[in-house]
Amino acid sequence: MLFYTAQRLVLSVVIVMVAVSILKLMLHVVPGDPAVLVLGPRATPELIERTREAMGLDRPLLVQLVTFFGNIFRGDLGHDVFTGRAVSRIVLEQLPYTLILITVAIMWSAALGIVLGAYSALRRNTWFDTLSGIVSVGTISIPAFVMALYSVLVFAVWLRWLPAIGAGEGFVNSITHLILPAFAIGVSWVGYVARMVRASMLEIMGQPHVRMARAFGLSERRITRSHILKIAVLPAVTLIGTGVAHLFSAAVFVEVIFARPGIGALIVQAVNERNYPIVLGAVLVTTGIIVLATLISDLVIALLDPRQREEL
Amino acid sequence: MTDIKTANPAGFGRRAFLKGATATGLAAATMPLGSRIWAQSGKVLRVSSYADIDALDPGFYQNGYNVDVMNCIYSKLVRYVPGREWDWELEAAEEIEQVDDTHIRFKLKKGLMFTGGYGEMTAEDVKFSFERVLEHDSPVKSDWGPLDHVEVTDTYEGVIVLKEPFQPLWTITLPYGTGHIVSKKAVMEATESGGNFGMEPPAFSGPYILEAWKPNQYVHLVRNPDWKGEAPGFDEIRILPMDDTKTAERAYEAGDLDFTEITLSSLAQYRGNEPKDTVIEEYPSLYYVWLGMNLDNPVLKDENLRKAIQHAINAEQIIDAAYFGEAEPATGMIAPGLPGHRETPLVPVAGDLDKARAFLEAAGGPPAEPITIDALNATVWKTMAEVIQAQLSQIGIEVQINVQDSGSFWTLGMESEGDRWKDMQLVLNRFSMLPDPYYATSWFVSDQVGIWNWERFSNEAFDKLHQRALSESDGDKRAEMYRKMQELMEETGAYKFITHEGTPVMYREGLEPALRPDGRPLFIGFDGET
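Residue numbers (the numbering used here), protein chains in the order written: chain A, 137 to 448; chain B, 5 to 534.
Keep in mind that the hints are not guaranteed to be accurate.
[Stated by the list, open to error] Here chain B is said to cover these stretches of chain A; the calculated rule only asks that three of the stretch's residues, wherever they fall, bring their Cβ under 8 Å from a Cβ of chain B:
no.	segment
1	157–171
2	181–190
3	221–231
4	284–293
5	297–307
6	383–396
7	407–413
[As the list claims (entries may be wrong)] Restraint-style ranges between C-beta atoms, simulated for each label pair:
no.	chain 1	residue 1	chain 2	residue 2	range
8	A	G192	B	S410	19 to 27 Å
9	A	L183	B	D300	24 to 32 Å
10	B	Q398	A	I151	50 to 58 Å
FYI, nobody ran anything at the bench for these hints, they're computed from the structure.
The beta carbon of each residue, even a glycine, is placed where N, CA and C say it ideally should be.
Throw the hints in and build the complete structure from the sequences for me.
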């Protein structure tokens, strides 16, 4: 298990480095001079050239890449080309907003999805199961940004129950600002998780160990909780782990629609401004989180599933 | 508290807690947002901005959204007067006069204090603030044109000395970005060299101070306790950055904002259906939108072909489709209200298909291959390009549309960015503008070819007029020069002016906004109730 963990950690670092290198290459190829953007239209060509030199943009790509990784290992992600602030500081300021948003979104959707999926499996082929199926497929097919737009319209503009923009200040105020964005991101996950848990439960319910448990006279409640649901949620854990990337993508749209701070909004803004240090810094951190989340989900499954644990 | 204890002798149990928490939650959730968000005493103005601030040093400013904040936290000798016509009024200056073409004498008001114990504003601070723009090679040093130096004649008095006359001084330099005055002592302490202090102003001198800036969240301005001038109308200003104006509209409708700019497409929807207790006003914008043609592209070398394209385009149809008919057609680069604005262009706004066909015949017919039109990837630009595509198809010219993201688009015609400029043919462009015609014509002089002059228009007469107009003190003569310059551009066939767009705004009834003639907010002049 320890060797497996170490192996996966090394692989994770390699994946992050490759992803960031590809991004750096793409940024190099895409037209758009950060020096021109930072200085504005009235800067002289000489000043633009000096700024390009100061930003290291005149150096060969490989040198830029080596310098970038060298700086990362020293904890330096560079500086925002407009404000001069440290990228690490900017990313760390924005990251908590996104992490809280996607954590809350996945928590409520997973909780509801597991209940919905489990109940559907237990009441298979009833009206509830049919309704749950329709709702699940319906929510899966609604993109987060559509849900965001309509939830703003209904709950903020028409009903005025919840705020339309920002992240709020103070605990209660921040919670009220979190509800709609977390709802918008989480809705489609309710469907995913419910479908996954239902299918998984139906499969497990017919397995020998469940029949054995019934033969031993265990109560249905105990069989469901300890022998079916515990195993049935494993695919959902994998789904959530690998779905972190999708959550970040959804957060990009939702943060823009709710004018909410966060890493998604930061990346969108930085890409539009050709603010390369921020793009690279933010993508490095998000890639790291996504890779880490996948690793954790694999390790959790290994811990929960004795069969996998033994294989390792 | 005593009453509660008497009424609930059993104490605060789990059920009571849940009840209380539910009630509190419901109360918080159903409370009107205006009272829920930033609930504090005093008058608070909540406004949107199209971008988050990223430069607070006036000597090195970029973009209007930064200047909106600078207007609140620093003083200038003169400032724009809110209203429908461009004018300026005294701010930090008690007196200011143009002594001759190259000398401007000023006298500061006494008692204007810098925060942080940096003392009273003096003529030495004015000298420092203006000269550092040139000394440190600021990217916006062109705002100061031919500034030679500032002569300090007294603690509060001085003379701005120019190398040659410079008319934009009164319309752009003094009342806008680089006209703001910073504390010499504070800046020298903060930067040692007197250079760019970035996002951390070492001292404030305006009616407000920057209380907090949470990147991508808000800019929070509060009253400057050291401010001795006329008190501004609000105790606090919250500026919320929103890249998307539609988001700002929804935030306004949800009660999160008191004032916001709106899109022209929404203006059409809001007509007769405006949100409750709301005033909607329209202001002309200074932006100018045009279709440019690359004069150095082999296909467009033929003047007749360019003129055929120019005459085939109907700006009114484009405005109807892309701006829902809510913008006025442009007659040139210079917007109404500014010297040099033309009442009519050489090429009719609606075009002339017969003339277009005649020019095309003279050119030997349409090009064999479709010509390209480059545009930004936003809906409005795509729509404009599609309308132009349809209009040109009427005379048999095929058009291929290339949409690009902003970073890619804004380097399209730059020689320093490779050879893409060579392939560029038609381009839909939009430039921002400050309230002086020189700002528009300066992008089209020969020196700008391959930088911002993407049509690669080079005309000696134009260049000379541009230089002469900078120092022409006779307003009528100057205006005539700018009209002539626009004619010279149009005569090449490489320009079809489309619109200046517009700046519609909405705000709560009771609020008295102070806006420039182009609809940009001057927050220190805002008053009334929200």
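A quick look at each hint next to the structure:
{"no.": "1", "hint": "157–171", "result": "holds (count 4)"}
{"no.": "2", "hint": "181–190", "result": "holds (count 3)"}
{"no.": "3", "hint": "221–231", "result": "holds (count 4)"}
{"no.": "4", "hint": "284–293", "result": "holds (count 4)"}
{"no.": "5", "hint": "297–307", "result": "holds (count 9)"}
{"no.": "6", "hint": "383–396", "result": "holds (count 4)"}
{"no.": "7", "hint": "407–413", "result": "holds (count 4)"}
{"no.": "8", "hint": "A:G192 to B:S410: 19 to 27 Å", "result": "23 Å, holds"}
{"no.": "9", "hint": "A:L183 to B:D300: 24 to 32 Å", "result": "26 Å, holds"}
{"no.": "10", "hint": "B:Q398 to A:I151: 50 to 58 Å", "result": "54 Å, holds"}
Checked against the numbered hints above, the structure breaks none of them.
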